[in-house]
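2 protein chains.
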Amino acid sequence: MTLPSSLDELIEALRCLPGVGPKSAQRMAYHLLQRDRRGADRLASALHRALDTLRRCARCNTFTEDEVCDRCASPKRDPSLLCVVEMPVDLNTMEQTHAFNGLYYVLLGRLSPLDGIGPKELAFERLLARATDGVVKEVILATNFTNEGEATAHYLSEMLHARGVKVSRIARGLPVGGEIEYTDAATVAQALIERRDY
Amino acid sequence: MTLPSSLDELIEALRCLPGVGPKSAQRMAYHLLQRDRRGADRLASALHRALDTLRRCARCNTFTEDEVCDRCASPKRDPSLLCVVEMPVDLNTMEQTHAFNGLYYVLLGRLSPLDGIGPKELAFERLLARATDGVVKEVILATNFTNEGEATAHYLSEMLHARGVKVSRIARGLPVGGEIEYTDAATVAQALIERRDY
Ligand SMILES: [Zn+2]
Ligand SMILES: [Zn+2]
Numbered sequence: 001m002t003l004p005s006s007l008d009e010l011i012e013a014l015r016c017l018p019g020v021g022p023k024s025a026q027r028m029a030y031h032l033l034q035r036d037r038r039g040a041d042r043l044a045s046a047l048h049r050a051l052d053t054l055r056r057c058a059r060c061n062t063f064t065e066d067e068v069c070d071r072c073a074s075p076k077r078d079p080s081l082l083c084v085v086e087m088p089v090d091l092n093t094m095e096q097t098h099a100f101n102g103l104y105y106v107l108l109g110r111l112s113p114l115d116g117i118g119p120k121e122l123a124f125e126r127l128l129a130r131a132t133d134g135v136v137k138e139v140i141l142a143t144n145f146t147n148e149g150e151a152t153a154h155y156l157s158e159m160l161h162a163r164g165v166k167v168s169r170i171a172r173g174l175p176v177g178g179e180i181e182y183t184d185a186a187t188v189a190q191a192l193i194e195r196r197d198y
Numbered sequence: 001m002t003l004p005s006s007l008d009e010l011i012e013a014l015r016c017l018p019g020v021g022p023k024s025a026q027r028m029a030y031h032l033l034q035r036d037r038r039g040a041d042r043l044a045s046a047l048h049r050a051l052d053t054l055r056r057c058a059r060c061n062t063f064t065e066d067e068v069c070d071r072c073a074s075p076k077r078d079p080s081l082l083c084v085v086e087m088p089v090d091l092n093t094m095e096q097t098h099a100f101n102g103l104y105y106v107l108l109g110r111l112s113p114l115d116g117i118g119p120k121e122l123a124f125e126r127l128l129a130r131a132t133d134g135v136v137k138e139v140i141l142a143t144n145f146t147n148e149g150e151a152t153a154h155y156l157s158e159m160l161h162a163r164g165v166k167v168s169r170i171a172r173g174l175p176v177g178g179e180i181e182y183t184d185a186a187t188v189a190q191a192l193i194e195r196r197d198y
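Chains W and S are the protein sequences, given in the same order.
Using full-length UniProt numbering, the first residue of the first sequence is number 1, and each one after it goes up by one.
Using full-length UniProt numbering, the first residue of the second sequence is number 1, and each one after it goes up by one.
No lab work stands behind these hints: they were computed from the structure.
Owing to the predicted nature of the structure, the values given are computational and were not obtained by experimental measurement.
A few of these clues could be false.
Unchecked claim - Capping the alpha-carbon separation at 27 Å, the derived lysine-lysine pairs in DSSO-like fashion look like this: (1) S:Lys-23 / W:Lys-23; (2) S:Lys-120 / W:Lys-23; (3) S:Lys-76 / S:Lys-137; (4) W:Lys-166 / W:Lys-23; (5) W:Lys-166 / W:Lys-137; (6) S:Lys-23 / W:Lys-120; (7) W:Lys-137 / W:Lys-120; (8) S:Lys-120 / S:Lys-166; (9) S:Lys-120 / S:Lys-76.
Produce the entire structure from the sequences given, and follow the hints as far as they go.
Now the structure itself:
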């Protein structure tokens, strides 16, 4: 049996979504057609609208509907500090601390050779150009402390050092309110290594 | 921080897909915008086209672009036998056997009270109307032998018996080439119970 071509094409098209194989694409297609036609219509329109209106902020690399996003255009931020994060959610968390008033560069990813994501895919040269523009005085690497986040920070620090840029990395240690007894040994070890004068 | 509205809306819209929560919706949106804009465009168009062209076959309930699908319209099939399956993939497998020349009714699902899928959601009354049209002589229940498939078969058999329709269920037993030693006990037990005169 062949499926109607428009159904076949929908199932194929759903496979562009990460983590969606043939089985779940089929399940999704039937779900939308049987039980959520409004959702399907809304999704189609949202996709078209996002493709039409979104582009990368020329300064921080996040998706924006303008040439430069609101934050990067704000005169209240300190442009001499540039904080590098992996994703917009990380930027959100940084902002919630109210402890940082500089600007950001969002990688929109992390180095992940197994997924074919290298320095080129993440457009590291754009970050380098930004960090060496004469305004930035320090780059703070705030990628995650996962293997991939660490590798990304390491790679970036080498590139930035080679160009004479001051680079720092956010600290590891116990969480606020954390008890040593209940903290994993690797974190306690790191808190020791990264101890500060008191 | 607020995301650009078109990005926010895309992330929200992706959540209409079954099994997609806020985290994976976000991951999907960034993936499409960063790495697969063509796929996103194709998906949007495929959704619109599927919504526009697909409807249920008036006879077998599968999605088709016509009033009645090719199989149901074929004069070569025996309309007195009606085989009930859960999904089009099941129908495909039945067809590959070349052991059945009747017609089908595709439930496009199975009873699943926890997911809110009952007789109404599966439009059992359409199947009943079809099974009691005077042409169908036997309904063969070929739902899966999972808990949900079994419950569906049981429910349908009661409804059909109540209307005097002859109902059968496909058999359980060892697979062709199967060895008793390597078959699970429940299947061997069922093969015993469903033994045939020889
Ligand atoms: Zn920006
Ligand atoms: Zn049909």
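Each hint tested on the structure:
no. : hint                  : verdict
1   : S:Lys-23 / W:Lys-23   : holds (21 Å)
2   : S:Lys-120 / W:Lys-23  : holds (25 Å)
3   : S:Lys-76 / S:Lys-137  : holds (17 Å)
4   : W:Lys-166 / W:Lys-23  : violated (49 Å)
5   : W:Lys-166 / W:Lys-137 : holds (7 Å)
6   : S:Lys-23 / W:Lys-120  : holds (25 Å)
7   : W:Lys-137 / W:Lys-120 : holds (24 Å)
8   : S:Lys-120 / S:Lys-166 : holds (23 Å)
9   : S:Lys-120 / S:Lys-76  : violated (32 Å)
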